[in-house]
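Sequences are here, hints too, so could you generate the full structure?
There are 2 protein chains.
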Amino acid sequence: MISVVILGAGNVATHLFKAFNKAGNVVVKQWYNRSLKPIVTYKNEVEVIDDLSTLKNADVYIIAVSDDAIAELSEQLPFENKLVVHTSGGVGVYDIDKKLKRGVFYPLQTFSKDAEMDFKNVPICIETIDKKDYHILKALAISIGSPTKKVNSDQRSVLHLAAVFVNNFTNQLYRIGHEITESEGAEFDLLKPLIFETAKKAQYISPYMAQTGPAKRNDKKTIKKHLKILKNEQHKAIYKLLTKSIQFTHGTFKGQ
Amino acid sequence: MISVVILGAGNVATHLFKAFNKAGNVVVKQWYNRSLKPIVTYKNEVEVIDDLSTLKNADVYIIAVSDDAIAELSEQLPFENKLVVHTSGGVGVYDIDKKLKRGVFYPLQTFSKDAEMDFKNVPICIETIDKKDYHILKALAISIGSPTKKVNSDQRSVLHLAAVFVNNFTNQLYRIGHEITESEGAEFDLLKPLIFETAKKAQYISPYMAQTGPAKRNDKKTIKKHLKILKNEQHKAIYKLLTKSIQFTHGTFKGQ
Ligand SMILES: NC(=O)c1ccc[n+]([C@@H]2O[C@H](COP(=O)([O-])OP(=O)(O)OC[C@H]3O[C@@H](n4cnc5c(N)ncnc54)[C@H](OP(=O)(O)O)[C@@H]3O)[C@@H](O)[C@H]2O)c1
Ligand SMILES: NC(=O)c1ccc[n+]([C@@H]2O[C@H](COP(=O)([O-])OP(=O)(O)OC[C@H]3O[C@@H](n4cnc5c(N)ncnc54)[C@H](OP(=O)(O)O)[C@@H]3O)[C@@H](O)[C@H]2O)c1
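Listed in order, the protein sequences are those of chains X and A.
Sequential numbering of the first sequence, starting at 1, is according to the UniProt record's numbering.
Sequential numbering of the second sequence, starting at 1, is according to the UniProt record's numbering.
Please keep in mind that the hints were generated in silico from the structure rather than gathered at the bench.
Treat each hint with caution, since some may be false.
Identical chains blur together in the list; that is why a pair holds if it fits in one copy or across any two.
[What the hints assert, rightly or not] Derived lysine-lysine pairs resembling DSS-like cross-links, with alpha carbons at most 27 Å apart:
#	residue 1	residue 2
1	Lys98	Lys221
2	Lys43	Lys82
3	Lys120	Lys225
4	Lys43	Lys18
5	Lys216	Lys37
6	Lys254	Lys236
7	Lys201	Lys18
8	Lys120	Lys192
9	Lys18	Lys192
Below you can see the structure in the form of structure tokens.
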């Protein structure tokens, strides 16, 4: 049995709590947040606390608070030499106070309050300063069905950065698709199956192999037509830059 | 029973042939291509031809050849006043020779040779010059399980353009994710569940509501760190431009 204390009550903390709570070999001993409000509804399932001095002994303490608050919260912990991990892609493992045994338990996924999350679709990137602490974090991830990967801080930074490209930036391309279709009275909904299929393809074909379209073919007529349709200068700039990027990748860039 | 002749033997033609061939109320009378080679393997299922003068009578002729070849092929058809449609997002309905009854049957999806395609995930955008021709195309789409939408040429152009954003450009963001992870010895595979989840979210939450991340939060520290990690100038430019675009959308842009 692995005992865990969760600190924080946001998206990640809440999803982790639910997953651990269902897992057979994990017990969530306490759930801390600086205010009880978001966790008080769980008080029949777990001891909820808002006072760090009441923290009990556990195998792993998981700090799932905003990036900027991780270091400070770790300093305030009223003990030493226990295993404390954060869940951030962008924060170093050394940002946790050095009186503690330190690690990272980074779930490489996008969480939102409402949507359920199956942790088998959440790769956990694990880092520890002391090798000995690795196995318990791995066991913890496995207990909720997650694939795991040992990832050092540089790799984690780069994964976090890549996540911005494939998640935030991709979502902004969807948003632009939404804006330009609605501006012509066309339905964004018609694009949803294509959005889904594009992501599905990436699961088994490399993005290099999957690429198609006017940019890759250097179909100048279509590109010109598209730039004419686009009214928004920022959308035009994005169109040009990503077209160029595709052409660089596929060796079809002819300069312009 | 709707009788159809398919012209062309590429991705779209092949997927349409298979779907029509399975449909209860559609008969593919002939399959034409300028060379028999890619279609000869289907000769037990359909009459395959490479000579336009042997074309038989049918309710609908579907030209699924490269955009540039549509007009010319339609001119060469040895009959008048029959319903001929193309399958392109980027070609006007008037590009089909005017001796014919003209229309468009545009499948808004990305097809590839190997991957199977369920046509319930392929919205068909229909346009006809003569209203009377609309219903047979709609019936044809319904027979293969596709949702349909009446779409005029301007709307179709804009859908095609939006498809470039959500398909080609998104796929290029995946590619960049691939490049930057592999360059640090991190695994692109770890991003695949996130890619999938991002597209899944877009099925039921608007991209506006779904957005998260450092750009939206205007988290300057993380943005600066990311720009430092990026070595490739083009990747940097894309990062900056899409960050700015997100900030414009969400009103968090503070100048730079
Ligand atoms: N969301 C994701 O998709 C995702 C994915 C992977 C990793 N992460 C990482 O997981 C961590 C948590 O992210 P999240 O999305 O769950 O955050 P969130 O939903 O915004 O919740 C933030 C939590 O941090 C607490 N907090 C903020 N400032 C604090 C402070 N000064 N002292 C104590 N607690 C403080 C908040 O407490 P109150 O409830 O009192 O405001 C809240 O419980 C971050 O490191 C993030 O980078 C997030
Ligand atoms: N692929 C997609 O995801 C997709 C999605 C929606 C719409 N579309 C549209 O569907 C149409 C077909 O696209 P596709 O992807 O199926 O194309 P494709 O796989 O590249 O196949 C092109 C076909 O056109 C034929 N062709 C090319 N030039 C020709 C010419 N001068 N005369 C006669 N035939 C010629 C080729 O014949 P050979 O076999 O002899 O070379 C081949 O059968 C295009 O209008 C495209 O815009 C494609």
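(request) Using 27 Å as the alpha carbon limit, work out where lysine 216 and lysine 37 are close: within a copy, between copies, both or neither. (result) The answer is between: 26 Å across copies meets 27 Å, while 52 Å in one copy does not.
(message) Reference check for the pair lysine 43 and lysine 18, CA-CA at most 27 Å: within, between, both, or neither?
(response) Answer is within: at 13 Å inside a copy they meet the 27 Å cutoff, but 57 Å across does not.
(request) Using 27 Å as the alpha carbon limit, work out where lysine 18 and lysine 192 are close: within a copy, between copies, both or neither. (result) between (30 Å within a copy, 23 Å between copies)
(request) Give the relationship of lysine 254 and lysine 236 under a CA distance limit of 27 Å: within one copy only, between copies only, both, or neither. (result) both (19 Å within a copy, 21 Å between copies)
(message) Within, between, both or neither: how does the pair lysine 120, lysine 225 come out at a Cα-Cα threshold of 27 Å?
(response) neither (44 Å within a copy, 30 Å between copies)
(message) Reference check for the pair lysine 120 and lysine 192, CA-CA at most 27 Å: within, between, both, or neither?
(response) This pair counts as both: shortest intra-copy Cα distance 24 Å, inter-copy 12 Å.
(request) With 27 Å as the alpha-carbon cut-off, assign the pair lysine 98 and lysine 221 to within, between, both or neither. (result) between (60 Å within a copy, 22 Å between copies)
(message) If the cut is 27 Å between Cα atoms, do lysine 201 and lysine 18 qualify within a copy, between copies, both or neither?
(response) For lysine 201 and lysine 18, the Cα distance is within 27 Å only across copies (20 Å; inside one copy 31 Å).
(message) If the cut is 27 Å between Cα atoms, do lysine 43 and lysine 82 qualify within a copy, between copies, both or neither?
(response) Intra 25 Å, inter 72 Å, cutoff 27 Å: intra-copy only.
Consistency note: the structure conflicts with earlier hint 3 alone.
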